[in-house]
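Generate the whole structure from the sequences, applying the supplied hints.
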Amino acid sequence: MKANGLRGGAVLLALLGMLVGCAETELAVHNAKRLQTPPGATSVPQAGSYKVGKPYQIANVWYYPHEDYSYDESGIASWYGPGFHGKRTANGEIYDQDAMTAAHRTLPMPSLVQVTNLENGRSVRVRVNDRGPYAHGRIIDMSKRAADLLGFAGQGTAKVRVQVLEPESRELAMLASGGTAGGSIAPPAVPVETVAVQELPPPGGAPVQTAAVRAVPSPKQGGSDAGPQDPRVASLVSPEPVVTQMRVRRTQIYVQAGAFTQVANAVRLRARLVSLGDVQISKALVGNDSFYRVRLGPMADVAQADLALGRLLGNGFNDARVVVD
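Numbering follows my numbering, with no gaps: position 66 of the sequence shown is 66.
The set of hints was computed from the structure by calculation and includes no laboratory data.
Some clues are possibly wrong.
Said to hold, decoys possible - When the alpha-carbon atoms are kept at most 25 Å apart in a straight line, the in silico SDA-like pairs for lysine to any residue are as follows:
| hint | residue 1 | residue 2 |
| --- | --- | --- |
| 1 | K144 | R105 |
| 2 | K283 | N318 |
| 3 | K144 | R293 |
| 4 | K144 | G132 |
| 5 | K87 | Y50 |
| 6 | K54 | E166 |
So this is what it looks like as structure tokens:
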């Protein structure tokens, strides 16, 4: 009986040892993940490296990355978050869904852009540090934080206008190309969420002055142990979660099948597409050249535009895209 008791005690001690070992292993793995993965709040941003990239093809569509400091496009935005949080972006950064960043298919990385939700007038600045999106003709993929501030995280998509901020983007390119590309830059010490009222200029119009501003503290973001940094540089690398309120203008969604310099070509294409719905030909001046755009629409919503775009792509119109006017 005594021998059995000793054996039982030995087994119990062995089991306790195994449990302690498992707990220590689990703690080590947890700590390792904390070191490798950004926390839930915004981590110290990385400047990344400057990258334009070569032409590439996805799903039979070619994309041509290039510098375009006059870029100004309206279309459909989406957002991405949990499935990519903590992973590498296209220019080598660690993606943080709580930072003010975005993915674009062709703009240089990094670039600073102004994104305005055309449905509610909310506008934010984000830094482009990734490639995408490639689904349904979206023109930009916002971080979860940026989508929250723009007010479309719940619905998933929104009509937006994307404008490159030229001076800031040129400075970002210089910083990322001049040896600071992996350096940590601390965000401003006290970030705020600001709501301002502003008149949204028509595409190509000059910006106007802010009429009114109201600022409230935002939830505290992750800090940094780094020393003091130039606030101006920090605001470029890590844009503040500032919302500017623009006045809303009425817009429509179309699916553009093609654009031609000869109206006869546009007429022929329209004849091929009449079975798909309402087809319009509109004239647009691009620089000194006139183009005749062939478009389906206007569409009732993004879902209807997605269906029309899918039909065009399925019939070989690989240059078809969703546009907002």
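(request) Provide an ascending list of the numbers of those earlier hints which the structure does not satisfy. (result) 3
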